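**Q** Line by line, the protein sequences are chains A and B. For the first sequence, the positions run 8 to 563 when this note's numbering is used. For the second sequence, the positions run 886 to 1145 when this note's numbering is used.
Keep in mind the hints are simulated off the structure, nothing from the lab. Mixed in with the good hints there might be a few duds.
Label-pair distances were calculated between CB atoms; the ranges are [what the hints assert, rightly or not]:
1. A/E79 / B/L1051: 29 to 37 Å
2. B/D1104 / A/C399: 40 to 48 Å
3. A/S350 / B/H1026: 42 to 50 Å
4. B/F1003 / A/D370: 56 to 64 Å
5. A/S123 / B/D1104: 30 to 38 Å
6. B/H1026 / A/M125: 42 to 50 Å
Okay, the calculated bits of chain A under chain B, using three or more residues with CB under 8 Å as the criterion [unchecked claim]:
7. 50 to 62
8. 101 to 115
9. 273 to 286
10. 392 to 398
Calculated cross-link-like contacts (lysine-lysine; reagent style DSSO-like; alpha-carbon spacing at most 30 Å) [unchecked claim]:
11. A/K419 / B/K1067
12. A/K354 / B/K1067
13. A/K145 / B/K1067
14. A/K282 / A/K37
Note that the structure is predicted; figures quoted are calculated from it, not measured. Even for Gly, the Cβ is constructed at its ideal location relative to N, Cα and C.
Take a look at the letters that make up each chain.
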Amino acid sequence: MTYLTIEDLNVSYPFQQQPVLKGVNIQISKGEKVLILGPSGGGKSTLALTLNGIIPKSIEAEMTGTIMVDGENPQELSFREISERLGILFQDPETQFCMLTVEDEILFGLENLRFSRMEMKARLEKSLDIVGLTNWRKAQIRELSGGMKQKLALACLLSMDPEVFILDEPTANLDPASTDEIFQLFIALSEKLNKTLIFIEHKLDYLLPYLERVIVLGQEGKVIADGAPRDIFNHRFPTLIEEGIWVPQICRYAKNMEKQGMKWRHFPLTIEEWKRELESEAGAFQVPQMQKKQVLSNNKTPLLQVENVSFSYQKQPVLQNISFSISNGDFVALLGSNGAGKSTLSKTLMKLLKPEKGEIYLDNKPLSRLKAYEHMQKVGFVFQNPEHQFICDTVEQELSYGFKIRGWRKEKWQPGLNELLAQFHLTAQRQNNPFSLSQGQKRRLSVATMLTNDQQLLILDEPTFGQDYANMKVIMNLLKELNQNGKTILMVTHDMELVSEYANKVILLHDREIAYQGDVISFFKKEELLHKASLKVPFSYSLQNLAKVGKEAAIL
Amino acid sequence: MIENHQKSNHFLQQVNPTLKLISILTVIFFMMPIFDPWTPFVFLLLTINAIKVLGGVSLRFLFKFLAPLSLFAFSFVWINVVFPSERGETILFTIGSMPVALENIKTGISLGLRSLIFASWSLLFVLTTEPTKFMLSLIQHCRLPPRLGYGMMAAYRFLPLFQEELNQVRAAHRIRGLGEPKGFTDRVYEIKRYLIPLLASAIRKAERIAIAMESKGFDGSRQRSYYTIIKWTSKDLLFSTGLIILFSGLLLLRKSYFLL
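So that you can see chain B by itself, here it is in the shape it has in the complex (with noise of 0.2 Å):
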């Protein structure tokens, strides 16, 4: 499914992973200083917005990973409504002997947008970056060592395999009449019986990919050709000055609208 998405050949897809990567790091720093809950509100959609044009990746597709991490985002709201540094002025109402002032709800909303932001960033770099483009970006541009690179790619490669060997040792531990376990002593002798296993085949097969890494040849130096050289090209231009625009944008829109 997400493979699909990351292969597919819509705009973002094609701008170059490490400038995708520091534009998340930008949209953090200019997050910083906004709490008013207007800017990051109006920021979320044109986010959600290019993610679906600009990826085309389907908004229900989406959906299905920022509603779990919207319940994460009202509880800013909740902790600022009940836990506020400074209780705003203007009483809205009280639940119980608790008063719930407008200033605070605004800023728990804020914050709460501002998380959802961050998550929609990441998921536009995850939905839209091959692993492997990310990869060689990084020892392209980044000079990141190539031994931690392919190292990454194939602790990468791991991880649906430790899934898989996770679920059979389960079964295993069942059949042994081993059932669900009560409590939290069981838990943790639950953890320590299945991690002795797993850490012996992670050892093992991570032993043996090394070996088979090596003996295609792989020492790890800069000192190797590429076949898919990671360019920049016009397209990243145009989507650092989209970024700048946007950025620009809304700090206008906030001065002029937002802030009265």
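This is chain A alone, in the form it adopts within the complex (with noise of 0.2 Å):
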């Protein structure tokens, strides 16, 4: 039975000339477990915004086509009527809160339902149950981590009752193991409660076993693929990859052994598929090796050195005898989960913050003795919000801000300019204003403010937040080619395939401490470590891994 119907929809935004969504045709029906993909910027959120009415009654859009939510328009129904048939859990922890505490925020949606007293309290106690809260129902909200945000959001959905829940990247801002234990919930939701989920995600691979359908939204904001996941991946990957899309990494190990000549019978979704195609073949072909990193060696000059630092918010030790070096050259990640004290580690290293004991040494120099200047001139920041960094009406001036600062006239740095503008590809926009840029823009343009005074270490706060799969590739890329060119780089992030792709050495922070310092083959391999840190090793690790234990298998 058909629950959503989507015709012929048209949705653009004021002061834009191209639509957000052109001609899409899209059927739901009761129950279903559907993915939607598409690239940043491709309309998934306005599609989910148009299926409660939120557009166009609250945000000004013109829209066109016919959306039927349980055969009602929902343009026609109040919000409260919507909110019973249809729930979204938004992508930001912070923001989808209005109460403070606990409790009344999930009395908030069923006092809007206007449930009686009993009603509300068995509800509000049943979510919380649900998504394992109970104990901090009477809590601050803003005392609570991200990951538990997000379940409190999810609780407030569940105790509503809706017929559709959409989730609109809730892990976007999570550590992998909270990523982890919200999937969890919500794959004990679909089984249990036996609801209709439409995913927006792109944190795919451990979802993918659980997905009945996926729909893709291309660059033109068109429906480009709707089918079974098994056949999207297989069959339309090329122009999947075309589009920037997030592809699970399952999906493109498989095809690259396809070009060796791997005749899938059943294309592999799991680890387990995978395995069980594998075995008959015995090894007869190579999955392909991560590009091996040039190893560490010991002869490099350090550049960065933190010797025995601590520190701690109001008697609370957040760093307890931290050392580690970064020496010229190398691409560094690091590593821990939520709270582990990563933000405070790189605000001592910005001299934001002072280390209560110990010393930070750059270039042999201590960090204490060095004048502000002096140390921007060596070392780069590149924080999360790339939009808190802008200070000039246009990316030019914003590019050429470092180079004034210096007293170079014009002529000295014009071809500097150009070429930064070049290499990050915003030539086009060097008259736009910063603001006004997009997301993947906006984030190139932050990397390459810090650039301007040749810094040599630049330390990224999470590079790749919130970017498409074109997005992270340009700027990933962007950041391998300048530690290439021999810049040394520090970058704090969660994404696993990111540090076995890119960095060559990695530093996990856990406990206040550090737990770890080397290269990467070998941190993959401490297993006990990785669990206590809460990390999980790459997907694409634990297929290689699989195949060396199938090859070894089959020479005995």
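Two chains, two frames, some hints: make the complex.
**A** Structure follows, in structure tokens:
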């Protein structure tokens, strides 16, 4: 039975020439588990908001076509009536709450639906129990971690008991451990409650076995594919890559094997399927290896040395006796779960916080004795939110700012500026206001501004945060290129795939201390440590390992 | 810290927030015609004691807020001595060529203490009232539209986020090589630079919260049910009676002793 019907939907926002959605036709039945894929800015969230009538009721947009939810037009239903049928879990855990405590937030939704006190109490307790927040019932929302906030947001929806759940990248801001917990919840939900689930996600690998259908929105806002996941990822693979859309790692590897002549009888979507298929082949094919990175050598000159640094906030120790060093030319990934002290550590490197004990040396000079501008010329910092770093009115001014500070004249910096613009694909936007750029452009600009002083060390806080596959690739390849040209890179990240593909050194912060520093491959072998720090080896690494084991078995 | 006080189970915490708000207004009216120093002094002592005993707030915590305000209170004494509307007759001493009159000092002290009374009553309200209960009480007893009430709650949640964001923008700009501002024009530019990213993100956040609220079925209308109903109880009667006794007692004391 069709529950959601979208017919010939066109949406365009004011002041934008291109429509976000163009002639979209989708029908979704009760109980279906659907994944919607698309490039960033490709209209996925817009689609979700048209389904509950917020577009065009609250957000101004031009919309044509028909939408039916449970046989009714959402524009003609009140927000209350819509929310009984359809709930959305949003991406940003900070901005979906309006109350102060866990309990009040869940009650807010129930009060909107005008339930009796008894009913509210029952629903409140049940939803808290499902997500496992019963002990936090009276807690202040701002004291919760990001993962718990998303659980709360889910509890709010569960208590209202809609037929359709739209999950709009709810794990985009979470660390791997919390992501996993949230996914487990979704899976339990889909099995127990048999609700209609619509995922908008790009951390696909662990979700794949539970999906029944994939709908792909293209760059132009059209549906370019709609079908079973195995079908789409197998037969439409080139299209997805072309459109810059995330594809599960396992499918990438499977396609790679196909190039070597592997014929899949059953295109694999899970590790188990992969195993089963390969067993019969008995190691006839090579799983493509990770590019071997240059092994860390000890004779490189250290660029940054952190020695016995400790720091505490209000008598709570955050960093205890941290020591590590980074050599010239390293590409380092700084790992650790949320709250492990990563941001505190990077703040001490930025000289925004002064360590209580210990010293940091940059080029063998203590950081405490470097003047602010000397420090700046050696180290560039790229913040998580690129907008925070913009201080000028055009892209060009933004980039020339660093040159001007050094007192250079225009003739001297003009060529450098043009080169940067070209390198970061921003030449066409040189006269635009930085705030008007797209997500990917903003991120590139914020990296570029940190290179104008020819800094040796670049520190980046989650550089691929909120980027689609194409943008992620562009940024990471830029960083790789910079690294090959001799720049040293320290990157805070949660993404283990990035670590395995790009980094040559890992520093793991766990429980306020350095739990590991060294090369990537040995790091992935320390299963116990990874488990303790709630990290998971990347999918690609598991696949390769599997192949090795398979081969050894074949030899025996 | 403040939340612990707001949530504790003392007498003042159980008084209806609307009544507490009204009581502040009556205190302001009550103090209007009073210019002697003793009445506000006794009143202030009683208020502070009430906050401690009936609200369970430690004196140390309370003085942390009141201490900086007493500087402001002292400025009333200074202003009344240096710029009196009418110089008093009892000259105590002179500073340079300026005579200092007892009457002016008294008025100054009275006004200074009055400002402290207002401050301590505001603290009484803030330290013993949960924001959520206050909002609910305004909606349920004062016909505040829910649209405004819940909007205010969302904005209140926003404040710490805003502070955090400002710190981040500051840090990010410092990294770009913008040091501490020097001089007035620098400061103006700094504000402009901070304002754009902060506004951009504030607008975006506000929009997201609004969308999240609407998608939870919030339409701003009065047609909604309430889990917590702020009731009028015997505690409210007790509080009002206490307030009346306090006012009349003070008036009596004032008539029989302070005005002599």
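**Q** Hints first: check each against the structure and report whether it holds.
**A** Quick rundown of the hints versus the structure:
Taking the beta carbon of each, A/E79 and B/L1051 are about 44 Å apart, not inside 29 to 37 Å as hinted. Between B/D1104 and A/C399, the C-beta spacing of about 42 Å keeps the proposed range 40 to 48 Å intact. A hinted range of 42 to 50 Å for the beta carbons of A/S350 and B/H1026 is consistent with their spacing of about 44 Å. Between B/F1003 and A/D370 the C-beta distance comes to about 58 Å, which sits within the given range of 56 to 64 Å.
For the hinted restraint 30 to 38 Å between A/S123 and B/D1104, the CB-CB distance of approximately 19 Å leaves it violated. The hinted range of 42 to 50 Å is not satisfied by B/H1026 and A/M125, whose Cβ atoms lie roughly 24 Å apart. A count of 3 residues in the stretch 50 to 62 of chain A with a Cβ less than 8 Å from any Cβ of chain B is obtained; the coverage claim is therefore met, three being the minimum. Counting residues of the stretch 101 to 115 of chain A whose CB lies closer than 8 Å to any CB of chain B gives 11, which reaches the minimum of 3, so the coverage claim holds.
Given as covered by chain B, the stretch 273 to 286 of chain A fails the check, having 0 residues with a CB less than 8 Å from a CB of that chain where 3 are the minimum. Given a C-beta distance limit of less than 8 Å, the hint that chain B covers the stretch 392 to 398 of chain A holds, as 6 residues qualify and 3 suffice. Between the alpha carbons of A/K419 and B/K1067 the distance comes to roughly 28 Å, so the proposed pair stays at or under 30 Å and holds. Restraint check: the Cα-Cα separation between A/K354 and B/K1067 comes to about 25 Å, which is no more than 30 Å; the hinted pair holds.
For the given pair, A/K145 sits about 47 Å from B/K1067 by alpha-carbon distance, which is inconsistent with the 30 Å threshold. The hinted pair formed by A/K282 and A/K37 fails the criterion: a straight-line CA distance of about 33 Å is larger than 30 Å.
The structure shown violates the earlier hints numbered 1, 5, 6, 9, 13 and 14.
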